[in-house]
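Novice: Construct the complete structure from the given sequences, taking the supplied hints into account.
Protein chains: 2
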Amino acid sequence: MSAQPTRPRRLSEVDGWYHETDVAIVGFGGAGACAAIEAADAGCAVTIFEVASASGGSTALSSAEIYMGGSGGTQVQRACGYEDSTEAMFDYLMAAQGDLADEAKIRLYCEESVGHFEWLVSMGAKYKESEHKERAIMALTDDCLLYTGNEKSWPFREIAAPCPRGHNLEVEGDNGGPLLMGLLTQQVEKREVRVEYNARALTLIQDDEGEVHGLVVRIDNEERNVRARRGVLLAAGGFVMNEEMLSRYAPRLKRGNIPIGNPGDTGAGILMGQGAGGALLHMSEGFISVPFYPPPSLTYGIFVNAQGQRFINEDVYHARLMDHALRQVGQGIYLILSHDDYDHPPFLNAQVAGTGETVEEMAEEVGIPPENLRHTLDFYNAHAARGEDPLFHKSPEWLKPIESPYAALDCTPGSGVINPYFTLGGLDTLPTGEVLTMEREPIPGLYAAGRTACGVPRRADGYASGLSVGDATFFGRMAGRRMAEAPARD
Amino acid sequence: MSAQPTRPRRLSEVDGWYHETDVAIVGFGGAGACAAIEAADAGCAVTIFEVASASGGSTALSSAEIYMGGSGGTQVQRACGYEDSTEAMFDYLMAAQGDLADEAKIRLYCEESVGHFEWLVSMGAKYKESEHKERAIMALTDDCLLYTGNEKSWPFREIAAPCPRGHNLEVEGDNGGPLLMGLLTQQVEKREVRVEYNARALTLIQDDEGEVHGLVVRIDNEERNVRARRGVLLAAGGFVMNEEMLSRYAPRLKRGNIPIGNPGDTGAGILMGQGAGGALLHMSEGFISVPFYPPPSLTYGIFVNAQGQRFINEDVYHARLMDHALRQVGQGIYLILSHDDYDHPPFLNAQVAGTGETVEEMAEEVGIPPENLRHTLDFYNAHAARGEDPLFHKSPEWLKPIESPYAALDCTPGSGVINPYFTLGGLDTLPTGEVLTMEREPIPGLYAAGRTACGVPRRADGYASGLSVGDATFFGRMAGRRMAEAPARD
Chain A
1 MSAQPTRPRR LSEVDGWYHE TDVAIVGFGG AGACAAIEAA DAGCAVTIFE
51 VASASGGSTA LSSAEIYMGG SGGTQVQRAC GYEDSTEAMF DYLMAAQGDL
101 ADEAKIRLYC EESVGHFEWL VSMGAKYKES EHKERAIMAL TDDCLLYTGN
151 EKSWPFREIA APCPRGHNLE VEGDNGGPLL MGLLTQQVEK REVRVEYNAR
201 ALTLIQDDEG EVHGLVVRID NEERNVRARR GVLLAAGGFV MNEEMLSRYA
251 PRLKRGNIPI GNPGDTGAGI LMGQGAGGAL LHMSEGFISV PFYPPPSLTY
301 GIFVNAQGQR FINEDVYHAR LMDHALRQVG QGIYLILSHD DYDHPPFLNA
351 QVAGTGETVE EMAEEVGIPP ENLRHTLDFY NAHAARGEDP LFHKSPEWLK
401 PIESPYAALD CTPGSGVINP YFTLGGLDTL PTGEVLTMER EPIPGLYAAG
451 RTACGVPRRA DGYASGLSVG DATFFGRMAG RRMAEAPARD
Chain B
1 MSAQPTRPRR LSEVDGWYHE TDVAIVGFGG AGACAAIEAA DAGCAVTIFE
51 VASASGGSTA LSSAEIYMGG SGGTQVQRAC GYEDSTEAMF DYLMAAQGDL
101 ADEAKIRLYC EESVGHFEWL VSMGAKYKES EHKERAIMAL TDDCLLYTGN
151 EKSWPFREIA APCPRGHNLE VEGDNGGPLL MGLLTQQVEK REVRVEYNAR
201 ALTLIQDDEG EVHGLVVRID NEERNVRARR GVLLAAGGFV MNEEMLSRYA
251 PRLKRGNIPI GNPGDTGAGI LMGQGAGGAL LHMSEGFISV PFYPPPSLTY
301 GIFVNAQGQR FINEDVYHAR LMDHALRQVG QGIYLILSHD DYDHPPFLNA
351 QVAGTGETVE EMAEEVGIPP ENLRHTLDFY NAHAARGEDP LFHKSPEWLK
401 PIESPYAALD CTPGSGVINP YFTLGGLDTL PTGEVLTMER EPIPGLYAAG
451 RTACGVPRRA DGYASGLSVG DATFFGRMAG RRMAEAPARD
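Chain order of the listed sequences is A and B. Residue 490 is where the first sequence ends in my numbering, and the numbering goes up by one at each step. Residue 490 is where the second sequence ends in my numbering, and the numbering goes up by one at each step.
Everything labelled a hint here was simulated from the structure, so no lab data went into it. A hint or two may mislead.
Claimed, not checked - Where chain A lies over chain B, by a calculated footprint (3+ residues, C-beta under 8 Å):
hint, region
1, 323–332
2, 368–375
3, 387–393
Claimed, not checked - Derived EDC-like pairs (lysine to aspartate or glutamate); straight-line CA-CA distance at most 20 Å:
hint, chain 1, residue 1, chain 2, residue 2
4, A, Lys-400, A, Glu-134
5, A, Lys-254, B, Asp-99
6, B, Lys-254, A, Glu-103
7, B, Lys-128, B, Asp-142
8, A, Lys-254, B, Glu-103
9, B, Lys-254, A, Asp-99
Glycine included, every Cβ here is placed at the ideal spot set by N, Cα and C.
Specialist: Structure follows, in structure tokens:
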């Protein structure tokens with residue numbers, strides 16, 4: 001698969017239109033659906049081109065958790081007793097994204113997040129006024145609210161008042177993605193948006209001044225020119241399925257083994273935007289994780305490296321843990337547990353690296369210097385018994401001595417343990433979705449959202465579940481509105 | 001300062017030439033000088049445009065160490081008893097550059113490295129047939145050969161047979177840079193290459209097919225069009241002096257405090273190349289270091305993080321050490337020493353964070369959990385006494401117990417300790433210097449070398465002193481030759 005930008009077709013070479021619309025959208029996932037709804041509600045003719053034979057995209061494959069809060073709290077947050085402040089949410093996201101943060105996007109996302117919640121409800125999304133209090137990646141019950149990031153973990157808990165912001169739909173099991181995309185698809189259909197399935201977007205149509213007027217799609221094996229009077233939105237996902245782009249831009253992600261995304265996440269949208277002059281941003285960044293919870297009890301354990309040393313507070317989000325695991329020297333990442341705290345982690349697939357009645361027995365089996373692991377455990381246990389973690393500041397709720405018999409799970413990347421990954425770099429855009437050139441000037445007529453753009457979430461060590469679908473749906477809407485405001489070209 | 005690509009001037013808008021030459025070179029540092037010599041030796045008319053009032057660039061500010069070896073060894077390596085193999089050099093550099101390695105460039109660099117040594121000698125460079133055996137960043141004596149990277153450090157020593165490959169010129173003190181640039185400048189002058197000083201390259205001149213035909217320079221406050229019949233070489237340094245480019249591309253480097261480069265390292269060459277369609281590569285990468293040696297005795301110490309834990313074998317190259325220091329959680333990086341091993345590190349500027357007759361006394365003063373630092377030292381000492389480092393595999397020559405009285409130097413980034421940095425990302429090029437588009441097709445007439453290109457050295461944790469000047473001089477020559485082979489355009 002290519003990593004080359006896709007050259008646009010010149011407007012002057014277009015000899016006729018197969019179809020004319022106000023707003024053309026590439027990709028019928030979360031971002032594309034939300035953009036279509038907003039643009040249609042603003043009175044635009046909208047057409048979606050989806051390469052697959054059904055809507056969904058990677059949003060349908062996700063749990064469709066959405067990260068929302070601020071403004072005193074969503075209805076669910078308030079019902080559960082949380083008064084979430086916009087500043088706390090902003091401070092948290094800014095700290096979590098660190099030196100890669102896009103302040104304008106984060107600011108808008110935080111300020112409008114409760115409004116986004118209400119909009120989703122108006123689309124038919126049902127959120128139960130209940131909290132899932134167990135540490136989890138998603139709620140497998142029909143409960144709504146849960147902590148999905150590092151809000152309660154050091155150092156973030158000292159930077160901003162923690163608040164749960166992950167919102168799960170009212171549905172049992174990991175079925176939020178199909179449910180949300182089902183609802184959004186219904187809303188799209190209700191609006192008589194035209195949807196072309198099995199339609200592969202090939203390239204953009206651009207005039208000599210750089211303005212984008214439409215796109216070329218392949219339908220029934222024929223190339224067809226589509227005119228978009230107000231704008232084209234690229235909402236075609238990230239590039240996790242494009243080996244060549246990964247090698248060129250994000251080789252570190254290849255230490256993962258489970259790409260998260262749909263087969264259309266080939267970077268096609270990014271490459272089309274780039275071909276039209278769009279700038280790429282933070283292409284080396286991505287999500288990569290080691291999903292060691294649920295069950296929550298594994299968080300009572302400690303992660304150690306090949307030296308038998310801890311390297312992070314284990315109550316962090318699973319991608320933050322993985323990011324730090326990848327920074328360690330030597331080969332070997334292990335989760336050390338009291339056997340009594342072991343419960344099967346359904347997403348982890350880790351082999352047992354060693355067990356023992358004594359630390360030394362386990363350490364020998366694992367291949368960690370026993371004396372060092374012994375110290376790590378002794379030190380951890382002595383302080384944990386007092387509710388303290390002077391080294392990494394793990395929260396007291398997860399501190400208790402690790403006791404015999406012991407078990408060590410092999411979480412070394414490459415050992416067979418599950419390390420999911422997806423890309424976070426993409427086109428540089430304004431909060432309105434306008435695609436920017438290297439000069440940071442908008443390309444007239446061109447928009448991007450979802451993982452085709454570089455959005456709010458930009459790094460594994462600051463990720464939280466619900467940020468990607470949150471960013472895709474929210475900024476998809478922003479792009480839909482902005483396109484509707486654009487004057488229609490004759 | 002801008003991070004925007006510089007738009008080229010259209011050839012059709014050029015109404016006359018101020019000057020015509022075969023080969024036009026932007027920048028009279030190491031890369032530009034070597035390219036000029038090769039092109040002139042191949043019979044070309046050559047003109048160099050240098051923004052400063054003298055030659056030098058960042059090469060003159062460096063120690064002008066050059067990383068060379070392979071093919072059985074340079075004359076100096078052989079005289080010092082080293083038979084360096086091309087495969088060992090190749091394997092080392094490939095491992096050191098890891099998932100960012102450019103195999104074609106590394107292969108050519110290793111195969112032709114002894115020839116490069118001989119060429120430098122033919123230019124007047126004098127290398128004494130002697131080895132500087134002390135661990136150092138550069139030889140401050142007039143000795144030539146020394147280890148300048150991680151060759152002898154784990155894990156590299158297990159991947160390729162170690163060999164010293166840093167070559168210092170025969171000169172006392174840190175005076176290699178001016179000496180080398182003096183020699184190369186003489187060689188350039190001998191060849192009657194035309195040199196325009198105080199000449200700022202503004203942009204390239206490109207035709208509608210993308211071919212580069214020359215450049216626009218500002219001389220005496222006037223814009224002048226220069227025609228280059230065979231090619232333009234961008235050898236204008238990196239972007240360490242461009243705040244906006246650093247923020248956009250390499251924010252991590254801003255954790256350093258001493259930019260290494262000349263005031264002209266503004267990324268101007270990179271932005272001109274990008275404006276003409278050149279692709280950028282690995283722009284987030286750079287060199288960043290903590291120069292804790294010389295004196296070599298500080299390597300008997302151990303580096304610990306805020307937890308009082310070691311994190312790397314301390315016999316590594318100083319940039320590898322810094323790269324790993326930046327990966328640590330929490331605030332605090334300390335070098336723990338026996339007071340008897342302390343000697344003033346001339347480049348470090350570290351404050352004493354604590355001292356003590358006992359480990360606990362020192363740990364309290366530093367603010368590290370004493371019990372943990374005690375264990376770290378006890379464990380290290382017990383094994384060091386036997387010449388072992390089971391945790392990080394520090395080489396036996398640097399292993400001995402750390403004894404009372406103790407001292408801790410504060411090497412925390414931001415504490416005032418010296419953390420030099422420079423950029424390693426740049427234009428994507430072939431080994432011939434041809435600048436590549438995103439499609440990895442050469443842009444006819446356009447070349448780049450030195451830190452304007454993304455060369456052999458691509459990451460702090462795999463850097464070795466001598467790689468940047470080595471890469472600049474070697475690939476500058478390759479570009480000079482290739483331009484000379486290009487047919488002259490009428």
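Novice: Evaluate each hint against the coordinates.
Specialist: A quick look at each hint next to the structure:
Coverage of a stretch by a chain is defined here by at least three residues with a beta carbon nearer than 8 Å to that chain's beta carbons; for the region 323–332 of chain B and chain A the count is 4, and the condition holds. Look at the region 368–375 of chain B against chain A: 4 of its residues bring a Cβ nearer than 8 Å to a Cβ of that chain, three or more, so the hint holds. Counting residues of the region 387–393 of chain B whose C-beta lies closer than 8 Å to any C-beta of chain A gives 3; at least three are required, and the coverage claim holds. Between the alpha carbons of Lys-400/A and Glu-134/A the distance comes to roughly 17 Å, so the proposed pair stays at or under 20 Å and holds.
In summary, the hint linking Lys-254/A to Asp-99/B is supported, as the alpha carbons are separated by about 10 Å, within the 20 Å threshold. For the suggested pair Lys-254/B and Glu-103/A, the alpha carbons sit about 18 Å apart, so the restraint of at most 20 Å is met. Note on Lys-128/B and Asp-142/B: the hinted pairing holds, with a Cα-Cα distance of about 7 Å set against a maximum of 20 Å. A hinted pair counts as satisfied when its Cα atoms are at most 20 Å apart, and Lys-254/A with Glu-103/B qualifies at roughly 18 Å.
Between Lys-254/B and Asp-99/A the CA atoms are separated by roughly 10 Å; this keeps the pair inside 20 Å, and the hint holds.
In terms of the numbered hints stated before, the structure departs from none.
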